[in-house]
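In case you want the letters, here they are:
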Amino acid sequence: MPGPKRTLSIFSFSKTQKRFLKYCLGFFIPVIIAYFILELLVLNIPINYKVFGTYLDTHSRKIKVMALGSSQMKCGFNPALSDENAINFASTSQHHNEDFQILKGTIDRLPKLKYVLLEVSYNHLELPHHPNDYWKNTIYLKYYNVNAFERPTWFKDRLVYLSNPRFYSHKLMDYYFYKTDHSQLNEYGFDINNYEGAFKKLNYDETKIASHKFKIIDREDTAIFKKNTAYLFEMLDYLQAKKLKVIVATLPLYKTYLKERNPNVVQRRDSVLSVIKKKYKNVILLKEETDTLQFTAKDFLNENHLNPDGAKKFTALVNQKLDSLN
Amino acid sequence: MFLPITLLLYWAVGFKRIKAQNAILLLASYFFYGLWDWRFLLLIVASSLVDYFAALAIKSTESNGKQKLFLYSSVLWNLGVLFLFKYYNFFIDEFAVLFNMQQGEYAFSTLNLILPVGLSFYTFQTMSYSIDVYKKRIEPTRNLLNFLCFVSFFPQLVAGPIEKASDLLPQFSKKRSFKTEEVKEGLRQILWGLFKKVVIADNAAYIVNMVYASPEDYGSLSLLYASILFFIQIYGDFSGYSDIAIGSAKLFGFKLSKNFNIPYLAKSVTEFWQRWHITLTRWFTDYVYFPIIQKNLRSNIRRNIAIFLTMALIGLWHGADWTFIIFGGFQGFLIILERTPLSKERKSSLYHKSAIPKILLPFFSFLFITISSILFRSQNIEEVGIILKGIFSFIPSEHLASIINKRFILFLFIMIALEVITRIKDFPLTQIDKYVNRPTRWIIYYILIFLIFRYAGPKEDFIYFQF
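Top line first, the protein sequences correspond to chains R and A.
Residues 1 to 326 in our numbering are what the first sequence lists, from first letter to last.
Residues 1 to 467 in our numbering are what the second sequence lists, from first letter to last.
Treat the hints as calculated values from the structure; they're not laboratory data.
Be a bit skeptical, because a hint or two may be false.
Stated by the list, open to error - Now the stretches of chain A that chain R is said to cover, found in silico as 3 or more residues with beta-carbon under 8 Å:
(1) 169-183
(2) 209-223
(3) 436-450
Virtual Cβ for every residue (Gly too), placed ideally from N, Cα, C.
Based on the provided sequences and hints, a complete structural model is requested.
Shown next as structure tokens:
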């Protein structure tokens, strides 16, 4: 006699399987709860991306300037001091491929967008792009609603803590336990209290700064250079097609850093800037990298990042360029 | 979510419905592979069909000539696909360099092809199936579903272990009953694999990537430390992956081959390769080394040539670059030296065994392996030169303290200690329920999960996915 028809359901599990399922649930439920507590704690930390996201949501119809770039731009451009309504999407280690994804992913939400401030730092063109599963893609997805993964996203792609446990574990400890997070973000997500760098520790003493050791990447890679340059041009073509005006900027570096740069890398980067100037009518250059007259030790956080005082000066220079574009 | 859902469906259909279970496995495997790039599903299906029908054709004829023809067709297809996707550009570029030609001057140009994930693994698996059928070591299967599952079984599809058809294929025809102990073992092995990958390998990778990004900035000890860490990284990464794969297979009632056996305890380079990526070494031994030496086991020259060629091919298997070929060749050279007697007392040329206490032998082989792993990590020969020059020019290491992370060293020590203490077992957590009660076990698991979350290194792809 044939047995009863088995259906594909939880009820078709054997007793052993059911017992094991309960065992697993008993074990994993605390893990899942603990994880979500962590996630909530992380989401509660006032990080700049969150502020950018909120600002984007609330001011998207007013934003005229978008700044993109790495930590240099993040520290160097304060949208609060911009003459035009601006948003600064730059963040640490952000490369052109992320810049481009953010641009493409937000442009339709910014009807008034007119200008893009784009950073091409000393070694931007010889550093490899991040892969498609770069941890910050979760941030872009979560806070800016930008899919930089270039694939359909899943639930896990929105889990912030899981995207970089190492980074967020430190953040959690710093914020909740050690209380060492001194950042003071303005409504644009710019840290107006960002002075705690190497230079402050050295009391901005130029003699001490001269002997201060720092890390600089002086490695050359012409293959990456070619690839990144082509990508940059693709990005500029896109901006041109969208009829946006672009300021391609190099940000100030302190003189000790300037001395240590690899001349080949600098020369290649500068040659690209010259080509950009000739090729794109919608682009103007803001070359401040070697500006050691306006930017002194007191304007720097460390050898290659400005502090809020330096940002004030740099943002004023951006304002001048914006005026010239109008 | 993929694994729990597949697992629930798989066991929900009941162990008596083997076909349904296999169909679920096949769909899950193709879905898993398709997530990366669905276009390459066609390739894996094509490869499977070629070998499936080639094996049946070999079996269907008595004529040795025809059998050979079918075998060669299968091997040609597999090697052709591998060559096209993995080696074509390399050979074209090298050809151009050899004859000092610029692009456009020669008839063949390089192709803009992506290397399909896991190609080297499943190609070798399917190829060995046809060879084994030809050699009459196994009977070909007539069950296409089982064969497709054998080629694409998702736990081991993208980075092995490379299974022999005689070991894995029959498991698809057998009933798999749900054994709680086996499933628990699988989960424990996955947990251990995750610890090795996320806490050990990814943290090691952070330092290695930093140092190898600008080796000129680091002193000799820093470079040596980073090179040792690279060995640890690749071990944690690949053996961690293997544990995850073997553990996942256990959840479905399958047994996969052991791929690592504490290689850092190897007392010689020969032994190292018997402990490292065991299934790859086994494959090359069976299908390359033995066919070369054939029956002339006593011919030293032939044996040495076979060793050198096999190891160089193992190097080439890893990637289309001179660094990998030299890496393999160097391993072959060391093995030959180890096996070549110095005098009539049959001492090794590499080690004066009598002069070295037995306990120190692993350090010597570890040193050789570390040095050769520089070839494995470097992007090109120039970089190898920079690293080796840096190590042997005894430049003071100002950054050494900044790249030594005490907590990481502690985790590494814990991993090594646990593996060494439990070395006769498959992995340290195996059969833990025999020794400790449930609350203690759960505390151990929770600690490991905590470490995985709290001390995970920056996310790194599995190294062997690129092969």
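Structure-based check of each hint:
no.: 1; hint: 169-183; verdict: holds (count 3)
no.: 2; hint: 209-223; verdict: holds (count 4)
no.: 3; hint: 436-450; verdict: holds (count 4)
In this structure, none of the earlier numbered hints is contradicted; all agree with it.
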